[in-house]
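Trainee: Take a look at the letters that make up each chain.
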Amino acid sequence: MSGKDVTLYDPTAEPRILAAGLAKRVDSLAGKKIAILDNSKANAGILMLAVAKRLQERYGAGEVVKREKGIAGAPSPTILDALTKCDVALVGSAD
Amino acid sequence: MLEQKGIPSVVMGTLEFEQLAKLESKNRGLADLPLALIPHPLGGIPEDEAIKKADLVIDVVVKALTR
Amino acid sequence: MSVSAGPAAKTFRMEESYAAINQLYQERGWTDGLPIVPPTEDAVAAVLRYTDRAPREVVAVLPPRQGEATVERLAINTVMAGARPEYFPVILTAIEALADPAFNLDSIQATTHPVAPILIVNGPIARELGINSGYNAFGQGFQANLTIGRAVRLILMNVGGGLPGTGDRATQGSPAKIAYCVAENEEANPWEPLHVEAGFPLETSTVTVNGCEGPHNIQDHYSYTGLGVLKVIAGAMGQAGSNNLLGAGTPLLSLGPEHAATIARDGYSKRQVKEFLYEHARYPLRLLGDEYRHYLVERRKVADADDTMVPIVRTPDDILVIVAGGAGKHSCWQPTFGDQTRPARRVISRRDGTPLAKVSDLRRSP
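Protein chains in written order, with the numbering used here: chain A, 1 to 95; chain B, 1 to 67; chain C, 1 to 366.
Be a bit skeptical, because a hint or two may be false.
Stated by the list, open to error - Listed next, the in silico DSS-like pairs over lysine-lysine satisfying Cα-Cα at most 25 Å (straight line):
1. C:301 to A:69
2. A:85 to B:52
3. B:52 to A:4
4. A:41 to A:24
5. C:10 to A:4
6. A:69 to B:26
7. A:24 to B:52
8. A:66 to B:52
9. B:26 to A:53
10. C:301 to A:66
Just so you know, the hints here were simulated from the structure itself, not pulled from any lab data.
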């Protein structure tokens, strides 16, 4: 051992934070259109449709607009167009 | 991302992926993106079991979407 | 082309002891589990002589961490991998290819699937650097293959945040995730090499990336006709358990030179090989369980009949074919992550885009 010090590099990067706030929440779900963005993972659609149905039954939520995208990657502009006409969204699944 | 387009969203997933989901949101500057997580697994179970799991998270979903 | 300057890499000082340095890097989660070469200022400077880009230039932003892959950070991980400085242009080019949106690095990093980006190097630079394309092409023994592959993996971990259990959710993983770099055996290829097929001149060097599993061997010591070999290959590729059966995609067929020669000798072009496999590399729907069959019928729109044969790709052009390896009657195929990732390719070039004839052309004196 030399007893000397050496300068070394940190090989990592920190996350690059993009400033983005959360959207405003709604006051109530009554009459609100529900978007479902289904990433095609197993049972994702089943789960979210069941959640949406409960929201309709118990909270008077409005119609459901569901779109599927491939398992990974961003949704297409067409899909986004349809879903942004809704008031709230269920996105999934992270499994 | 629907949240970024002004649509309040909740990400649905399983508890197994809580860490990853939080990490992905954090890395996109959406640290508080709400999650509604059910017990793992979601895939590889019969449909009626998946539907039953919906009941476990309704309250979380409502809280996530409303003020 | 706009260039953004990223952050300078952080440095720190510690005792100049190989053991102590390795212990620290391991403890901080900065390694792949193997010992690293300490990234000192001199070592990193030696690597940076093999680029004409500024050290703080951001080559890519890598998911899931959205970490900025500056030239400097790529060089640091290159040193750690034990790569020679002259390998740097290949590593940098590979990262550029991986950042192509069509490749979908975000999903490749995070998925439960054991996918690893394979780096296929074509052109004269593969030979200049001694990247192995012959015997044991996918195995151990060659510094270029192992350390270029390893450097890319370290970058995906340290800069991209693809760490097992958090950013990287691979259920079981695979040894291919340690290092996965090969040169195509262009001399033994009876057809045109991968980059020429894609429209590049033979003398241009490229890196192609594809989101692959490790190699699945295809042994055929008995067929001496092209058709015979192709039938075995079709049987191997038309299997249950791959994402390609589930979701199509771009599987890779890596023919050993002897199988390639037999197939070509009987008059098959590369395109005809792909067409044959598109037709015959299929799995019988009736052998799958009810839930899987239901998925394929509902989501993939396959015909719900007992005689349906499910293809592994949407079109013959989605099958990639290379030649790799030495003598022997083995080939292999690499299933991919599925149709949410496409192969990506970049030319190994100078900063201004001019293709690089030789890596040594780029070297700057200290």
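Trainee: The structure should be examined with respect to each hint, and the outcome stated for every one.
Mentor: Here's how the hints hold up against the structure:
1. C:301 to A:69: 15 Å, holds
2. A:85 to B:52: 29 Å, violated
3. B:52 to A:4: Violated - the C-alpha atoms of residue 4 (chain A) and residue 52 (chain B) are around 64 Å apart, more than 25 Å.
4. A:41 to A:24: 28 Å, violated
5. C:10 to A:4: 20 Å, holds
6. A:69 to B:26: Given that 25 Å is the threshold and the Cα spacing comes to 23 Å, the pair holds.
7. A:24 to B:52: 29 Å, violated
8. A:66 to B:52: Holds, because 20 Å separates the two Cα atoms, which is no more than 25 Å.
9. B:26 to A:53: Not satisfied, since the Cα-Cα distance of roughly 30 Å exceeds 25 Å.
10. C:301 to A:66: With Cα atoms ~18 Å apart, residue 301 (chain C) and residue 66 (chain A) stay inside 25 Å; holds.
When held up to the earlier numbered hints, the structure conflicts with 2, 3, 4, 7, 9 and fits the remainder.
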